[in-house]
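Protein sequence lines correspond, in order, to chains R and E. Using numbering that gives the first Met the number 0, read the first sequence as starting at 0 and increasing by one per residue. Using numbering that gives the first Met the number 0, read the second sequence as starting at 0 and increasing by one per residue.
Source of the hints: derived by calculation from the structure; they are not laboratory data. Check before you lean on any hint, since a few could be wrong.
One copy or two, either will do: identical chains are not told apart, so a pair holds if it fits within one copy or between any two.
Unchecked claim - EDC-like cross-link-like pairs, simulated, lysine to aspartate or glutamate; straight-line CA separation at most 20 Å:
1) K451 / E489
2) K29 / E13
3) K72 / D243
4) K24 / E470
5) K29 / E109
6) K344 / D403
7) K287 / D95
8) K408 / D136
9) K374 / D303
10) K24 / E468
Protein chains: 2
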Amino acid sequence: MRFNVKTFNISTPEPQVLLESEDCKVLGVKVNDRVMISGEKSTIALVSYADGVVDRGTAYMSTSLFEKVGTNKDGTVDIMFAHAPDSVRYIRKKMDGERLNKEQIEAIVEDILDNRLSNIEISAWLTALYINGMDIDEIADFTMAMANTGDIIKFSRKPVFDFHSLGGVPGNKITPIVVSIVAAAGLMIPKTSSRAISSACGTSDFVETFCDIELEASKLMSISENVGGVFAWGGSMNLAPVDDMVIRIEHPLGINPRAQMLASIMSKKVAMGSTHLLVDIPTGQGTKVPTLEAAKAYARDLMDLGERIGMHVECAITYADQPIGSAIGPNLEARECISILEGNKHPASVVEKALECAGIIFEMAGISNGVARAKSLLESGAAHEKFLEIVQAQGGRADLKSSDLQPGKYSYDVVATHSGYVHTIFNKEIVNVAKIAGSPSDKGAGLLIFKKKGQRVEEGDVLMTIYAESEAKLKRAKEAALSNNPFDIEGMLIKRVADIKPR
Amino acid sequence: MRFNVKTFNISTPEPQVLLESEDCKVLGVKVNDRVMISGEKSTIALVSYADGVVDRGTAYMSTSLFEKVGTNKDGTVDIMFAHAPDSVRYIRKKMDGERLNKEQIEAIVEDILDNRLSNIEISAWLTALYINGMDIDEIADFTMAMANTGDIIKFSRKPVFDFHSLGGVPGNKITPIVVSIVAAAGLMIPKTSSRAISSACGTSDFVETFCDIELEASKLMSISENVGGVFAWGGSMNLAPVDDMVIRIEHPLGINPRAQMLASIMSKKVAMGSTHLLVDIPTGQGTKVPTLEAAKAYARDLMDLGERIGMHVECAITYADQPIGSAIGPNLEARECISILEGNKHPASVVEKALECAGIIFEMAGISNGVARAKSLLESGAAHEKFLEIVQAQGGRADLKSSDLQPGKYSYDVVATHSGYVHTIFNKEIVNVAKIAGSPSDKGAGLLIFKKKGQRVEEGDVLMTIYAESEAKLKRAKEAALSNNPFDIEGMLIKRVADIKPR
């Protein structure tokens, strides 16, 4: 059927064409069905109704879709019914609890990448994955299919070490420390990180306060091969790009299916050419991994998956019941991180975690007494030197100091309203207050935490300071902290048990 | 945050606002998150990115959304982050395989109705329903919640008989016959039907060839109470309207979750005030219900559900391996249906099925020997008289004759290419050819089938005639029939077994 064309200037990820519903009847299509549109070229689009907006015989489409199609010589396009791609049938199979083979998984991944699947279909796919899952062989195929949607980096140096944290614990600023220690030992660790998705501050959010994080692949390779490490933003390269398209749909549903999560992490590591990977699994209340059992299951999955895709994977299950270190927020985390490298004294939680992780990577590389080796590289200043070398290679200052990074000028002290012991620090509330204060887009926004779990506090002691770059945000963050206090302070006696019967 | 407004003239079922991505960062929202937009009034909308289309500080929305909101005095609107409704958490619960209570199910149904859930969320809901299902008590709550989204008709006459077919078998034109017989006995049966969704011709599609089917509720009630029956289109009333919104999402996924299907049928019956319902379950290859076991499971579900919502439900499992009767398509089905009422001789399949169904309804009403009673009402002409009374009440002609309904003027005879017995008639191919010929929108399009299963045919015998209203459609239908022949003709000897060993 032949249509005139009218365009509108809105770009949607889904290619959509709006048609009058009577025209749809004649075409035999309904809302969300597909049609083939042909002018100079042909493409597939999803149908919506345009009653009252355009007349019969007119196809209403975005300028971006129109540019893909062009028109016949007389300015019209031909439109006809088009079948859904095969991948829709494979999504149905997963809904029915069946296994998918490599080709079927590849078809789904490629059709998501090329916008051939609608939001409705991708949502059904993720829901089916969430409920019915995948076995580890399917996840391996899924991982490779996702990696192959983007660039694959091939280093001339081997082995390629890598480090990844599942995240979910605030204040986890160890990445630049681990990378600096590992590179200081002469190993290569081209580390890419992400920005905050739901957290208060991702590694990239605080690293960009002191150097460039958007590196092109060629630059990332040359720095890694020459200096030994980078702290780059993964988003600046074309690594497993289909992942971002899926996140758009996962996010409103608040789900992250296990198969999708594992394939998402590992596909980016495959794309980075990693041969040896350490995964940090922060475990505890208020994180993604609440229990030790869940952490062990993730570790087993990751190592099984590594074996199937030919990557040496180890896991560190780490304590995450409360924030790591004192600082939350870009400038504050950067300052704490650099200060540790400078050799200043800091809460044991950050330093120990960084040394343990670097130590495991050393042992993966065949270096014995890994933690001791990591400790000596940190204490000798070798790691700090390597850190500054990397910072400079990424366009930062050679004389960078922790004191260069300062919090926002508005601050508020949250004090203890009664004496006792810190029983719990709620990660979720900590993150919430920091985000309301402006983190991570306001670089000076965030929190400094002065009391950790088990510490004795007296009435009036400062528990944490909130920093912000505007008075309005500070006020809102303060209100959030006072109405949902992140600190739970109790007397040491949790429960008094009376009437204990003699045995 | 304050925004200028720019509007576009596209109506989408989902209320959408497009914002520049940097503005989204400041608002703390991502694609598919919700925002509250406030001008004169407030409403919730879903966020998309509008980079390159509008500048920072501008909100781009449809005129229909804009009309809901208005602006502040200075022409701006205020936009802030808004939480997802609670129903999203209940969808998550169903994804986790949990039971939902009445309030939770009502929240989901109401939020779908009021466009508070996005396509992504509704897709996840239907997928979770498809995989995890509902128990019969949940389905009863679901049914009532769906019924309460629209009007509930209250007849002054009781009991209210009703009849429903699960559909899926072509040529099933028995509804006007059943209604006419039942009403001729003095019972009230206000029957609403639907148009074709994926079939070649729904009851409403052929009934509208001889009378009005779009009746307002008041007219439907008065005809039913005075004449005893109607054959109306359910879509013209506001019965369980949420159902249509769900179909929009089910359709591209090609699923119809059991819970959704049962609640969809029964909510419309609750809305019609039905007290006694007979459900026809066409069973056989190429229908929705392929096996007797599946049919029995549906029957059990429907009867259990009826018990919980206080409706007397019985089921008829009917034979559906091939089309019912000879005619497929609006005018052809209307002609066959009226001709049976006129007392002409016709294939036993239609007449028998109509009599059996009317007979069961009679027995539900306490009339013994139901089938015999139905037969006498048909043969005496009482049913025909009642039929014409209803037709007239619905604006049709009092002197309507079956010969008034004629097929399209273009026709093609499909003949047997070899002699043998009709082994199979594929419903799916029959439907496909009829739709390509133009059914149901071209009223004269369709098929007449001359040979049914088990009949002997000789080479050159006409198996069926295809009718169309245009030469082009006839040509395409003919090609479809020749490339995917709906008839499978074999010799009577299906398999020759040699070497039978003596016992």
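Checked hints:
For a Cα distance limit of 20 Å, the shortest separation of K451 from E489 inside one copy, 13 Å, qualifies, whereas the shortest one across copies, 83 Å, does not. In this homomeric assembly, K29 and E13 come within 20 Å of each other (Cα to Cα) both inside a single copy, at 16 Å, and across copies, at 17 Å. For the identical chains of this complex, K72 and D243 are neighbours neither inside a copy (38 Å) nor across copies (40 Å), given an alpha-carbon limit of 20 Å. For the homomeric pair K24 and E470, the shortest alpha-carbon distance between copies (19 Å) is at most 20 Å, but the shortest distance inside one copy (58 Å) is not.
Taking the shortest alpha-carbon separations for K29 and E109, neither the intra-copy value of 25 Å nor the inter-copy value of 24 Å comes in at or below 20 Å. Taking identical chains as interchangeable, the C-alpha atoms of K344 and D403 lie at most 20 Å apart only when both belong to the same chain, with a minimum of 18 Å there against 98 Å between chains. In the homo-oligomer, the alpha carbons of K287 and D95 lie at most 20 Å apart only across protomers (16 Å), although the nearest pairing inside one protomer, at 28 Å, exceeds that limit. When the C-alpha separation of K408 and D136 is checked against a cutoff of 20 Å, the pair qualifies neither within a copy, at 53 Å, nor between copies, at 59 Å.
In this assembly of identical chains, K374 and D303 lie within 20 Å of each other by CA distance neither inside one copy nor across copies; the values are 30 Å within and 70 Å between. Taking CA atoms no more than 20 Å apart as the test, K24 paired with E468 passes between copies only; the shortest distance there is 16 Å, against 57 Å inside one copy.
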